[in-house]
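S.K.: Sequence:
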Amino acid sequence: MPDNNFNYDSFVHNPPNPVDIENLSLHDSLFSSTSLTPPPFNSFNIFSFNINGLKMHSQNKIELLSNFFSLKQIFFSGVTHIHPKQMHFLAKRLSNYTVFSSTLDTSQHVRSSRGVSLFIKSSLASHVHTYTSHSSRLLSVDLYFKGNVKLRIFVIYIPPISDQALHDVTINLLIQALSEAKRLGFHHTICGDFNMHLDQFYPIFFNQPQIASKRVHRLFNFLYQMDTLILPQLISLLLWAPITVLTLLLALTMFARAHQLKQHSRRIFLFDSVTSSQWDDFSTHIDQLCNIPPPTYASWHVNRMCEYLRTNIIARVNATLPARTVSNDHTPKLPKDLETLLQYYCFLNCSLYLIRLNNIFSLYRSTFPVIPVLPLTLSSCWIDNFNKLFCTLLQASKSLRGLHLLKEKEFQDSSIKTYVETRDLNFDTDISSFINSALSRSCRRIVLDRIYIDHPTASHLLTDSKDISDAVVDHFQTAVPIKSTSPSHISELPNRWHSEYSPMDTISPDIYSSLLSPSSLEEWLSTVSSMPNGKAPGHSMITYEMLKHLGPATNSLLLILIRKYFTSADIPNLWRQAMVFPIPKPHEWRRTCRDPIITLESIIYDANHNNSPLWILSQDISKVFDSVNLSMLKFALERIRLPASAIMLILSLFMNCCNWVFTAHGDTSSYWVRIGIDQGEVISPLFWVIYIDPLLTVLKKEIIDPYILRSLTLLLTTTDDTSNIAINNLVFMDDSTLISSSKAGLEHMLTITEEFYALNNTSANHQKYILISNSLPLTTTSTIFPMDFDLQLSILNHLSSISVTPISITSSFHFLGVWFNLKGSRDFVKKQIASEYNSFAATLRPARLSAKQVVYLYNTVLIPKLEYRMQVTHLSDKDYYTATRLIRSLVKQKANFSCSLPNSILYLSQALGLINLFSHMIQCHVNNLFLMANFSILLIQRLFTYRLRLIQYRFLIPLSPLMVNDWSLWSNINIFKYLTLPGHTPLYLYMSPKVFKACLKVLRKRYLYYLSQLITPSGSHLISWTTYQSAYIAQLADKCGRSLPHKWYLDIKANTTLSDSHDHLYDRYVFFPLLFLPSI
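Going by my numbering, 14 is the number at position 14 of the sequence shown; the sequence numbering is gapless.
Hints were generated in silico from the structure; no laboratory data involved. Please note that the accuracy of each hint is not assured.
Below, a list of computed lysine to any residue pairs in the SDA-like style, where the Cα atoms sit at most 25 Å apart [stated by the list, open to error]:
no., residue 1, residue 2
1, 466, 580
2, 182, 114
3, 92, 121
4, 585, 420
5, 407, 420
6, 535, 506
7, 700, 791
8, 634, 575
9, 768, 800
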């Protein structure tokens, strides 16, 4: 008798391997006395029979069937197409089985003269809870096991397709019964006679899913979508026909392995190829499916509402939209003929098998001058003949080696040609794929096919799929330890944090009055339409593209669900389920907020020029989103006076959630998420800001020895303190940096942060803290020792000190991806730039790319990266010229230009359009200054004022620097050389003021500052609009097809060119360029 703790999931998801069946004898009859191997522990034997031929020779057949039941250790057996009298007779012979039978439909007695039955071994019959006769052709029996495992076994007989009406009625009845079983949480297995050819269904299901969802295959498509284990009618018996055990087990395993294959494959809908008519068809039919009255739908529980919509949407999508199935199929790296040739060559080079040798000589007869004649057997060779045989085979091996090298070279050439053609095509159609191919970027991934347990005393490697799944679940569930119990109320918090988590008096609850107001249909549709396409679906498998094309009736039902979610503060269980896909931590640069970068740049500049003490400590916070404590998040939300209903709504998003993890062996078992919020949720960053704001507020309130930016002035009297800027922290998401003018100030802030981290279950990695200070005269040659920071002990903080190893004052450090140096040294950044250019050029030089493609990669990939990293670094023209030498040489090589070609031609937008890094960086710095001047954030406005006052003080300017018209007096000062853009004749001097102001954004976007940028190389004519359009405007995706000149161009032309002169400039605007010197 099997264990009551039967693991049904394990049986379904890990069926027997068909390879094991090959060892069975082909001569074992189904009814032989040789019993099969006893069933594995914790498993059942389930069989299905069609007793269609029992009328003739019934006594012998029933005797055979009885013997089969006793010999094969059957626990469950479905019997179809059996007459009640025959069933009773069979039940008497099988005394150790309990039988459950369907009830005949007397209204259609002709069609229903036979029924279905389920035989259950008596030792398991006690687990039967109930059974239901859905019709004479469909029976279900419910069994309950320990561990809340519920199993529903269906026995089905589907009439042949010739009886179309009864065939469809039976299928619909089964689908309804299966849906109900799934809703009630039953595992389910189906056995019976489907009267369908499953061997024809599998290729259709995996290759043509749209067809699989229609006609006779509709049932199986539904079953596999539901993860149903099917035990088909394996024995279409006329009982006298011998059927081997091998045939039976192969059939059983075929279906189980097909089910397992389905778990390792997934369907991808081809939304790019969906036509408007297909979307219209989808919208129309989904409304026909979702035809339930809205009042009835609104009365359901949210789980039922969500499942109703999901089932209908997925069913309609599968039936309407084109898709393809992807799985772990292996794509050979070599063509079949080349792989065969290589195998034969290796064989010939290693061993002597005469039969295969003759096959080789026959296959490659054109390669050999003369086909060697081999002896029939090696034993027939005399000793002297072995040397001759060896020489013959050696010569044959050399011939095949030559053929192999030739074919391999041909294959490599054809492969390279194909890849190059594909890449060139992607340059016009799929720019992302082109960039990845040109830069040899590989898809970085984490493959969980094995787990190494790094234990101090018992390290070991896990390779079993079950062990890997358990280890992965344990890691993800316990990666963030829960160190303490959260307080139930803010009154339990220490005084410092109790006052901070109290509701804020500066916030009025009235601002949330319309927060939870019911959304209108227009608002909902507008929100859905603004969602991006091409995003991965959640566990429901519903994408934004599907939601955007729902019909009016379905959209109304979906809006009812959304409104109920807002009013009840409860979300469907389906929305609480998520898949975890491990990805490597990115090391590429990333754009972040500029505010902290501008602030730190101002602090370091001020400390350098005023010799002010500066202490900077960068903290490392581990798994910030995964460690968010929901109780503390609730306090933080109450602190900003969010309504209680809104708080419950938010917390319900992250409560009672369960995850699965993708591994190489399939999905792991589900596990409960104990703590944290989803990092992938779009609203999670906002919650993190609310969550950490109490810490920032306490740091601001209890500020000690901050770094102060003091505004210098030319006035005899000093300015008041309101113009000074005190800063003690810079925080952007999980990047936290503490700033002080003394060690004591850092120690006080570290005490506060440690208390907050302990209170909120946040882990800080002290070993990764970075400390730098100009009060520590350390150089690269100095001996560096860790520095201890003494902390104040409290109820929350049990650390008396933290030890941090500082870096030397001459070393550069990065903050939000931008490199800084406390002494203002640019050497490190220069090396970084040179390294980037060397790596970029080395990657592109051997690639088969055109000059246009190289310029595009340089302008769109490398330039933005350098622009971000160098936004606080100012280099000279000579430094930029030296760093970019390799890329200029590469472009000239790809374009087949002479090395002596002037570099300026490369930078012409009418030519290749290579970006001049020096000019580009000056434009970026000027643009950043412009953004600072127009910032709405008070801190940035004060920083901009501070910088203006610094310019006033350093250059003795008695008025605002923004009001200075003539900077010639200071133009020779080195700092101003970096603020002058190359060119002549500024546009603002010769354009109409009204037009200039109106077109300011357009000119800035096109980087147009000087008239010289719009003059032909001869210097005497204005560039025609047609030339400018083809060189620049036509490349803009949003301006394709535009032919009329802009009004800024017409204004420049009217003010600078002679009328009816074909754009000839006035003499005062004519510019004769200097002769270019040859350079690289």
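S.K.: Are the hints correct? Go through all of them and say.
M.R.: Here's how the hints hold up against the structure:
| no. | hint | in the structure |
| --- | --- | --- |
| 1 | 466 - 580 | holds, 18 Å |
| 2 | 182 - 114 | violated, 28 Å |
| 3 | 92 - 121 | holds, 13 Å |
| 4 | 585 - 420 | violated, 31 Å |
| 5 | 407 - 420 | holds, 20 Å |
| 6 | 535 - 506 | violated, 40 Å |
| 7 | 700 - 791 | holds, 18 Å |
| 8 | 634 - 575 | holds, 21 Å |
| 9 | 768 - 800 | holds, 18 Å |
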